[in-house]
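As a plain string of letters, each chain reads:
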Amino acid sequence: MDPRGFCRQSRLVIVAGKGGVGKTTVAAALARMAARAGLSALVVEVEGKSGLAAAFGTEVLSYDEVVLSPASPDGTAEVRARTITPDGALVEYLEDKGLRRLSRRLLRGGAVDVVATSAPGIKDILVLGKVKQLERAEAADLIVLDAPASGHAMRFLMSARGLLDAVNVGPLQAQARDVLEMLTDPERCQVVLVTLAEETPVNEVVETAYTLEDKVGTNLGPVVVNGLYPVLEGLDADPEAAAAALDVSLRPGEAEALRRAADFRSRRQALQAEQVGRLSAALALPQLHLPALFDAELGLSQIDRLADALATGVEALGVVP
Amino acid sequence: MTADGPPVSGESLAALVSERSILVCCGPGGVGKTTAAAAAALAGARCGRRSVVVTIDPARRLADALGLDSLSNTPTLVAGDWPGELWALMLDTESTFDALVSKYAPAPEQAEAILSNRFYRNISGALSGTQEYMAMEKLHELHDEDRFDLIVVDTPPTRNALDFVDAPRRLTRLLDNRIFRLLMLPTRASFKAVNVATQTFLRTVARVVGSEVVQDAVRFFQAFEGMEDGFRDRAQRVHQLLSDPGTAFLLVAAPRPDVVAEAEFFADKLGEADIGVAALVVNRMHPRFGGEWSEVDRERASTLAGTPLGPLYESLADLRQLADGEEGHVAALVARVAPAPAVRVPMLAADVHDLAGLSKVGEHLF
Numbered sequence: 001m002d003p004r005g006f007c008r009q010s011r012l013v014i015v016a017g018k019g020g021v022g023k024t025t026v027a028a029a030l031a032r033m034a035a036r037a038g039l040s041a042l043v044v045e046v047e048g049k050s051g052l053a054a055a056f057g058t059e060v061l062s063y064d065e066v067v068l069s070p071a072s073p074d075g076t077a078e079v080r081a082r083t084i085t086p087d088g089a090l091v092e093y094l095e096d097k098g099l100r101r102l103s104r105r106l107l108r109g110g111a112v113d114v115v116a117t118s119a120p121g122i123k124d125i126l127v128l129g130k131v132k133q134l135e136r137a138e139a140a141d142l143i144v145l146d147a148p149a150s151g152h153a154m155r156f157l158m159s160a161r162g163l164l165d166a167v168n169v170g171p172l173q174a175q176a177r178d179v180l181e182m183l184t185d186p187e188r189c190q191v192v193l194v195t196l197a198e199e200t201p202v203n204e205v206v207e208t209a210y211t212l213e214d215k216v217g218t219n220l221g222p223v224v225v226n227g228l229y230p231v232l233e234g235l236d237a238d239p240e241a242a243a244a245a246l247d248v249s250l251r252p253g254e255a256e257a258l259r260r261a262a263d264f265r266s267r268r269q270a271l272q273a274e275q276v277g278r279l280s281a282a283l284a285l286p287q288l289h290l291p292a293l294f295d296a297e298l299g300l301s302q303i304d305r306l307a308d309a310l311a312t313g314v315e316a317l318g319v320v321p
Numbered sequence: 001m002t003a004d005g006p007p008v009s010g011e012s013l014a015a016l017v018s019e020r021s022i023l024v025c026c027g028p029g030g031v032g033k034t035t036a037a038a039a040a041a042l043a044g045a046r047c048g049r050r051s052v053v054v055t056i057d058p059a060r061r062l063a064d065a066l067g068l069d070s071l072s073n074t075p076t077l078v079a080g081d082w083p084g085e086l087w088a089l090m091l092d093t094e095s096t097f098d099a100l101v102s103k104y105a106p107a108p109e110q111a112e113a114i115l116s117n118r119f120y121r122n123i124s125g126a127l128s129g130t131q132e133y134m135a136m137e138k139l140h141e142l143h144d145e146d147r148f149d150l151i152v153v154d155t156p157p158t159r160n161a162l163d164f165v166d167a168p169r170r171l172t173r174l175l176d177n178r179i180f181r182l183l184m185l186p187t188r189a190s191f192k193a194v195n196v197a198t199q200t201f202l203r204t205v206a207r208v209v210g211s212e213v214v215q216d217a218v219r220f221f222q223a224f225e226g227m228e229d230g231f232r233d234r235a236q237r238v239h240q241l242l243s244d245p246g247t248a249f250l251l252v253a254a255p256r257p258d259v260v261a262e263a264e265f266f267a268d269k270l271g272e273a274d275i276g277v278a279a280l281v282v283n284r285m286h287p288r289f290g291g292e293w294s295e296v297d298r299e300r301a302s303t304l305a306g307t308p309l310g311p312l313y314e315s316l317a318d319l320r321q322l323a324d325g326e327e328g329h330v331a332a333l334v335a336r337v338a339p340a341p342a343v344r345v346p347m348l349a350a351d352v353h354d355l356a357g358l359s360k361v362g363e364h365l366f
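These protein sequence lines map, in sequence, to chains A and B. One point on numbering: in the working numbering, the residue at position 150 of the first sequence is 150, and numbering is uninterrupted. One point on numbering: in the working numbering, the residue at position 283 of the second sequence is 283, and numbering is uninterrupted.
Errors might be hidden in some of the hints.
Unchecked claim - Here are the simulated SDA-like cross-link-like pairs (lysine to any residue), alpha carbons at most 25 Å apart as the crow flies:
| id | chain 1 | residue 1 | chain 2 | residue 2 |
| --- | --- | --- | --- | --- |
| 1 | A | LYS97 | B | THR74 |
| 2 | B | LYS360 | A | GLU274 |
| 3 | B | LYS269 | B | GLY246 |
| 4 | A | LYS97 | B | THR204 |
| 5 | A | LYS215 | B | ASP57 |
| 6 | A | LYS215 | B | ARG298 |
| 7 | A | LYS215 | B | LYS360 |
| 8 | B | LYS360 | A | SER62 |
| 9 | B | LYS360 | A | ASP263 |
| 10 | A | LYS215 | B | ASP92 |
| 11 | B | LYS269 | A | ASP308 |
| 12 | A | LYS97 | B | ARG300 |
| 13 | A | LYS215 | A | ARG155 |
| 14 | A | LYS97 | A | ARG177 |
| 15 | B | LYS360 | A | PRO86 |
| 16 | B | LYS360 | A | LEU271 |
| 17 | B | LYS269 | A | ASP87 |
| 18 | A | LYS97 | B | GLN215 |
| 19 | B | LYS360 | A | ARG259 |
| 20 | A | LYS215 | B | ARG118 |
| 21 | B | LYS269 | A | GLU207 |
| 22 | B | LYS103 | B | ALA206 |
| 23 | B | LYS269 | A | GLY51 |
| 24 | B | LYS269 | B | SER243 |
| 25 | B | LYS360 | A | VAL60 |
| 26 | B | LYS269 | A | ASP263 |
| 27 | A | LYS215 | B | ASP69 |
| 28 | B | LYS269 | A | LEU271 |
| 29 | A | LYS97 | B | LYS360 |
| 30 | B | LYS360 | A | ARG177 |
| 31 | B | LYS360 | A | ARG260 |
| 32 | B | LYS269 | A | ALA273 |
| 33 | A | LYS97 | B | ASP216 |
| 34 | B | LYS360 | A | GLN272 |
| 35 | B | LYS269 | A | VAL60 |
| 36 | B | LYS360 | A | ARG155 |
| 37 | A | LYS97 | B | ASP57 |
As the list claims (entries may be wrong) - Away from chain B, derived, C-beta distances all over 10 Å, residues of chain A:
| id | residue |
| --- | --- |
| 38 | TYR63 |
| 39 | GLY88 |
| 40 | THR200 |
Bear in mind the hints are in silico, worked out from the structure with no lab data behind them. Remember, it's a predicted structure, so these values are computed and weren't measured experimentally. Beta carbons are placed, not taken as given, at the ideal position from N, Cα and C, and that holds for glycine.
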């Protein structure tokens, strides 16, 4: 499948995963992959503290959109980003309903918590409702939602169903129904789960995948396995023998350092191969593999390297089940 | 596995485990807080103390190793060969909250009215900060029982460190909220004017969320009447406990820029609340092998590519680059918490999911 086709499958892609697996980076790489295929992308983050702005070297994200990377003459489309907070979404929602005075009063009295507590998942529904509005308005060719971390992601995505059970009248119920409709329509939305090739993240991603399918009914896209060491062959070579054969002189202690680094790398490689295997056995979803980056800083060039790796993976999709 | 990591100053961390009575492990999500907390409690048991770890959500196999099934909200003894005792429990937010309500309700019927209220069920399960609140409540409860020498609390992955320091006061603040005070007034005729305004307000809210939801909320606040003082006292005592000299905060982080930034934010917030970071633990640092010739490794990896030495230099250079980058991220955080000791735990060759793994982490920590 070509990257453009992949990005056109659904306007909304929700990127979810445990904290620390590189969700935000994957969301950025997806957006750049779309942009380089000529599709404009909007990254939406909901926790108010993403490293996106730093990575793209732009101003801090806010409720208003900022441009992360502009369109360029070579056909690359722009990537924009914004934050959606429950408070911001609530005010906008109430104002849309002609309840501007109420919204001010709610915020001033610190009563957003009352409303938010009065029904489960109300904050999540407000945020998802706003995402749905962006999706309906075709705010970009591809909207990438950087979902909250871990357990909260599930609560977040299950909020629509939960709210439908609890609230049986009113505009919020209609909102929840619309959100659920979007989440369960594969033409409109898919969820990309991100994991690392490590035991706990793999367990968690498998569990999340089943829960999302059963409890929400979302369409699951490929699973992104992030941070894979590129596999190096020949790590069991003896440094001293190899150096002697090549007539290379090693400094004192160098052979030992080479041996220990090679040993560490091959053990981590074996571990990740085992975990990728476990993931494949437990979850019948295609995988996209992203390499570990050894750079100290994350910037546009690193994100683009990941976007390349994603594109390569996407091109291989449909060939391998 | 050993590594030529930066020097580790472990003595003071060991002292924390053997001398303090409460250790709070805090930090951003996904950095190994639970593992650090469990390793600290284990180290406490190793030096002869009766220690208990309150975990939030351990990985399945770690939970199994600690003998925790999903429902144990009371301490379970972990069998093992050490002079002290190791107990573990997994926090159940809702039942801890229920117990608290029952305790402060003047009559069983009042407790029942609250516990069965839908609004309460939402609060106990979903109000932001409830999990933090209950972790602190559990801490207080265990402290009062006086059966442990060392209580180690794992905290939920919170954005703001103050969320759990502040959590006990949050409910009382919610109860003090002006709107809620109004909600409790309808029974008092003298406030008729306010009442009309409140009714209008409630009707408007009801238009958005439905009237049932609003009625539940009103009933909840009416049922809570008279119980605020008990909750307020309790919150005050928990707060005192957290600022007690016997309590130490352990900041746990990982060597990633986003995590380090969040951890610095944590340290700042704790400082604002006059709570110092007693020690910093940076988990999962890549080991750095060899001396100071890092710039030539990459060069050799490319000139020797295709030979048996190529991959060896490449793996050495990759690890060095990672380790140096990580150290660069961590250095500022280490300086930020100084003079508190900082311990760097190297990434182990396998995930930590049993007591043997915990011991290994413990070797680096204590």
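Hint check results:
1. A:LYS97 to B:THR74: 48 Å, violated
2. B:LYS360 to A:GLU274: 22 Å, holds
3. B:LYS269 to B:GLY246: Status holds; Cα separation ~20 Å.
4. A:LYS97 to B:THR204: Holds, at about 11 Å.
5. A:LYS215 to B:ASP57: Distance of about 21 Å is within 25 Å: holds.
6. A:LYS215 to B:ARG298: 49 Å, violated
7. A:LYS215 to B:LYS360: With Cα atoms ~39 Å apart, LYS215 (chain A) and LYS360 (chain B) exceed 25 Å; violated.
8. B:LYS360 to A:SER62: 43 Å, violated
9. B:LYS360 to A:ASP263: 19 Å, holds
10. A:LYS215 to B:ASP92: Distance ~22 Å between LYS215 (chain A) and ASP92 (chain B) Cα, so the pair holds.
11. B:LYS269 to A:ASP308: 39 Å, violated
12. A:LYS97 to B:ARG300: 66 Å, violated
13. A:LYS215 to A:ARG155: Roughly 11 Å between the alpha carbons, so the hint for LYS215 (chain A) and ARG155 (chain A) holds.
14. A:LYS97 to A:ARG177: 17 Å, holds
15. B:LYS360 to A:PRO86: Not satisfied, since the Cα-Cα distance of roughly 43 Å exceeds 25 Å.
16. B:LYS360 to A:LEU271: Satisfied, since the Cα-Cα distance of roughly 18 Å is no more than 25 Å.
17. B:LYS269 to A:ASP87: 23 Å, holds
18. A:LYS97 to B:GLN215: 22 Å, holds
19. B:LYS360 to A:ARG259: Distance ~22 Å between LYS360 (chain B) and ARG259 (chain A) Cα, so the pair holds.
20. A:LYS215 to B:ARG118: 22 Å, holds
21. B:LYS269 to A:GLU207: 34 Å, violated
22. B:LYS103 to B:ALA206: Cα-Cα ~32 Å, so violated.
23. B:LYS269 to A:GLY51: Within the cut-off at roughly 20 Å; holds.
24. B:LYS269 to B:SER243: Judged against 25 Å, a Cα distance of about 14 Å means the pair holds.
25. B:LYS360 to A:VAL60: Given pair LYS360 (chain B), VAL60 (chain A) is violated - Cα atoms ~41 Å apart, limit 25 Å.
26. B:LYS269 to A:ASP263: Violated, at roughly 41 Å.
27. A:LYS215 to B:ASP69: 24 Å, holds
28. B:LYS269 to A:LEU271: 38 Å, violated
29. A:LYS97 to B:LYS360: 58 Å, violated
30. B:LYS360 to A:ARG177: With a Cα-Cα distance of about 50 Å, the restraint between LYS360 (chain B) and ARG177 (chain A) is violated, given a limit of 25 Å.
31. B:LYS360 to A:ARG260: 19 Å, holds
32. B:LYS269 to A:ALA273: 41 Å, violated
33. A:LYS97 to B:ASP216: 24 Å, holds
34. B:LYS360 to A:GLN272: Answer holds: LYS360 (chain B) to GLN272 (chain A) is near 21 Å, not above 25 Å.
35. B:LYS269 to A:VAL60: Roughly 21 Å between the alpha carbons, so the hint for LYS269 (chain B) and VAL60 (chain A) holds.
36. B:LYS360 to A:ARG155: 35 Å, violated
37. A:LYS97 to B:ASP57: 40 Å, violated
38. TYR63: 18 Å, holds
39. GLY88: 16 Å, holds
40. THR200: 5 Å, violated
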